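*Asks:* Residue numbers (my numbering), protein chains in the order written: chain A, 1 to 207; chain B, 1 to 271.
Quick caveat, the hints were computed from the structure, so don't treat them as lab data. Take the hints with a grain of salt, since some may be wrong.
What the hints assert, rightly or not - Pairs of lysine-lysine residues, derived as DSSO-like cross-links and limited to a Cα-Cα distance of at most 27 angstroms, are as follows:
| no. | chain 1 | residue 1 | chain 2 | residue 2 |
| --- | --- | --- | --- | --- |
| 1 | B | Lys126 | B | Lys194 |
| 2 | A | Lys159 | A | Lys176 |
| 3 | A | Lys176 | B | Lys126 |
| 4 | B | Lys192 | B | Lys126 |
| 5 | B | Lys192 | A | Lys61 |
| 6 | A | Lys29 | B | Lys4 |
| 7 | B | Lys4 | A | Lys176 |
| 8 | B | Lys194 | A | Lys176 |
What the hints assert, rightly or not - Covered stretches of chain B, as calculated for chain A (at least 3 residues, CB under 8 angstroms):
| no. | stretch |
| --- | --- |
| 9 | 84 to 96 |
| 10 | 257 to 266 |
Unchecked claim - Covered stretches of chain B, going by a simulated chain A footprint (3 or more residues, C-beta under 8 angstroms):
| no. | stretch |
| --- | --- |
| 11 | 48 to 54 |
| 12 | 177 to 188 |
| 13 | 194 to 205 |
From a predicted model like this one, the values you see are computed outputs, not experimental measurements. All C-beta atoms in this analysis are idealised placements derived from N, C-alpha and C, irrespective of residue type, glycine included.
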Amino acid sequence: MRLQVPIAIGFLAGMFMIVQYFVPHPAFKTAYDALEEWVMIIGAFALVLGLQSLFQTHIDKIRRRREGYSYSFVTLISFAVMFLVGMIYGHRPGTLFDWLFDHVEVPLDATIFSLLAFFIASAAYRTFRARTPEATVLLVTAVIVMLGRVPIGELIHAKLPDLAEWIMVFPTVGAKRGILFGAALGGIATALRILLGIERSHLGGGR
Amino acid sequence: MWQKLAYFDRRIIFIFIFVAVLIPFLTTWDIPLGYTTPSTQSLYDTIEGLPPRTPIMLVFDYGPASMPELDPMAVALSRHIFSRDLRLVGVTLVVTGTQMCENAVAPVAAQMGKEDGTDWVNLGYKPGDIVLIDRMGQSIADAYPTDAQGRSTRQLPVMEGIRNYDDIGLIIDLASGTAPGSWIVFAHDPYKVKLAAGITAVMATDYYPFLQTGQLIGMLNGLKGAAEYEELINHRALGTLGMASQSVAHLLIILFVILGNIGYFAITRRR
C-alpha cells in the first residue's frame with residue numbers, strides 16, 4: 001500500500017493533466033484551477049522542508065566540529081538576522097531588510113560570480129589546445145565568436161560580427177535543436193515511466 | 001622556456017585579467033558600436049511599434065550574481081518603455097527579483113517623471129514558478145492580488161484594463177537561467193502572447209532555436225546586447241561602458257590561448 005497509493009495518485013493526477021489539455025470543458029477547467037492552487041500551496045511547504053534541511057545540515061556540522069564548521073555559524077546567524085529583520089521591519093524599499101540586501105547580499109553575490117571571469121580565462125588558456133582536428137575547429141570557432149561578440153572585433157574586420165552571428169544562428173542552432181529533441185523525448189519517456197509506476201526512485205528506497 | 005609558456009602560473013593570468021577589466025573603467029576609452037545583432041533590433045522595433053499606454057511585462061528572473069549583465073538591459077528597456085509612454089509591469093519568479101526590479105526601474109522612472117502605481121508597478125515575487133505563469137494567463141489580479149508594496153492590484157491605475165496576457169503587449173524575460181523556457185511553454189505557446197528575452201551571454205545558445213521558430217520575437221544577448229540596446233535608444237550607459245573591458249579581456253584570453261598553443265606545440269615537436 002505504501003507504494004501503490006502514491007503511484008495511483010501520481011497516475012490519476014498525471015493522466016488528468018494530459019487529458020484536460022485537450023478538453024475545454026468548464027468542469028475540467030475548475031478541477032485544473034484547484035490543482036494549480038494545490039501545487040502553489042505544496043510548493044510553499046517545500047520551503048519548510050528546505051529550512052529543516054538547512055538547520056539539520058549545519059547544526060550537525062557544528063556539533064561534530066567538521067571542517068569549516070565556523071561557516072555554518074555564519075550561515076545560521078545570517079539566516080536569523082535576515083529573518084528577524086524581515087519579520088519586524090518588512091521588505092519594502094527603504095527598510096532595513098532592503099538596506100541589508102543592497103549592501104550585503106548584492107556585493108557578496110556579485111563578487112562570487114565575478115570570480116568566474118578569472119577562472120574562465122585560466123581554464124581557456126589550459127584547455128584550448130589544438131591537439132586534434134576537432135579541437136582545432138572548436139578553438140577557431142571560439143576565437144571568432146569571442147571577437148565577433150565585442151566591438152573590437154568589428155575594428156579588426158568588419159565581417160567578424162556577421163560571421164559570429166552566422167555561427168550562432170546556423171551550426172549552433174542545428175546542434176542545439178538536436179539536443180533539445182533528445183532531451184524532450186527523454187523527458188516524455190521519463191514522465192511515462194513515472195506515471196505508469198515503472199520509475200519509482202522518487203518514492204524512496206532507490207527501487 | 002616552452003614549458004613555462006605552455007603552463008605558466010594561473011595567478012599571472014588573474015592579474016592580467018584584473019588589470020584588463022579595471023583600466024577601461026578608469027579611462028574614457030570609447031569603442032564605437034557599429035553592428036547591431038538582428039535579435040536586438042527586432043526587440044527594439046517591436047517596442048517602437050506598440051501604441052502608447054500598452055502594458056509591457058518586464059520579468060526579473062535574476063539575482064545579484066547576474067546584475068552586471070542584466071541590469072544594464074533592465075535600465076535600457078525601462079528607459080525605452082517610459083520614453084514611448086508605455087506601461088511597465090514588473091514581476092519575478094525568483095525571490096531576489098523583487099529588489100532587482102526596484103533597483104533598476106525606480107531610478108529611471110523618477111528621472112523620467114513616471115509615477116509608481118500609475119505608469120509602472122513592481123508586482124514582486126510569488127512562489128509557484130510555472131503555475132504562476134499559467135495563472136497570470138487567466139487572471140493577473142488573481143495571481144497577484146497585491147503588488148510588492150502590499151497595494152491592491154485591482155485598485156492601481158497602471159493595472160487598469162489588464163486582465164491577463166491578452167492585454168499585455170509584450171513580455172520580456174530578463175533571466176540568468178532557464179526561466180525563458182518556462183515562459184515560452186506556459187505563456188507564449190498557450191496564450192500566444194509576444195515574448196522576448198534578455199539573457200546572460202553564457203545562456204544565449206540555448207535560446208537561438210526559439211528565435212528561429214518565432215517563439216521569441218527578440219533577444220538581448222549578454223552585455224553586448226545591453227550595449228546595442230543603449231545605442232539604439234541613444235542613451236549610452238553601463239552596457240557601453242563595459243564593452244571596453246570586455247573587448248580587452250576577450251583579446252587577452254585569445255592572446256593567452258595562442259601563447260599556450262605555441263608552448264604546447266614547441267614541447268610536442270621536441271619530444
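*Asks:* Please go over all the hints and tell whether each is borne out by the structure.
*Replies:* Each hint, compared with the structure:
This hinted pair checks out: Lys126 of chain B and Lys194 of chain B have alpha carbons roughly 22 angstroms apart, not beyond 27 angstroms. Taken as a hint, the Lys159 of chain A and Lys176 of chain A pair is honoured in the structure, with Cα atoms around 24 angstroms apart against an allowance of 27 angstroms. Proposed proximity of Lys176 of chain A and Lys126 of chain B is contradicted: the alpha carbons are some 31 angstroms apart, above 27 angstroms. Simply put, Lys192 of chain B and Lys126 of chain B have alpha-carbon atoms about 23 angstroms apart, close enough for the 27 angstroms limit, and the pair holds.
Restraint check for Lys192 of chain B and Lys61 of chain A: not satisfied, since their Cα atoms lie roughly 50 angstroms apart, outside the 27 angstroms limit. Proximity of Lys29 of chain A to Lys4 of chain B is assessed by CA-CA distance (about 68 angstroms); at most 27 angstroms being required, the pair is judged violated. For the given pair, Lys4 of chain B sits about 38 angstroms from Lys176 of chain A by alpha-carbon distance, which is inconsistent with the 27 angstroms threshold. Restraint check: the Cα-Cα separation between Lys194 of chain B and Lys176 of chain A comes to about 23 angstroms, which is no more than 27 angstroms; the hinted pair holds.
A stretch counts as covered by a chain when three or more of its residues have a beta carbon under 8 angstroms from one of that chain; for the stretch 84 to 96 of chain B and chain A the count is 1, and the coverage is violated. Here's how the stretch 257 to 266 of chain B fares: 6 of its residues keep a CB closer than 8 angstroms to some CB of chain A, so the rule of at least three is met and the hint holds. Only when three residues or more bring their CB closer than 8 angstroms to a CB of chain A does the claim for the stretch 48 to 54 of chain B stand; here the count is 0, and the claim is violated. Remark: the stretch 177 to 188 of chain B is not confirmed as covered by chain A, as 0 of its residues place a Cβ nearer than 8 angstroms to a Cβ of that chain, below the required three.
For the stretch 194 to 205 of chain B, the proposed coverage by chain A is satisfied: 3 residues have a C-beta within less than 8 angstroms of a C-beta in that chain, meeting the threshold of three.
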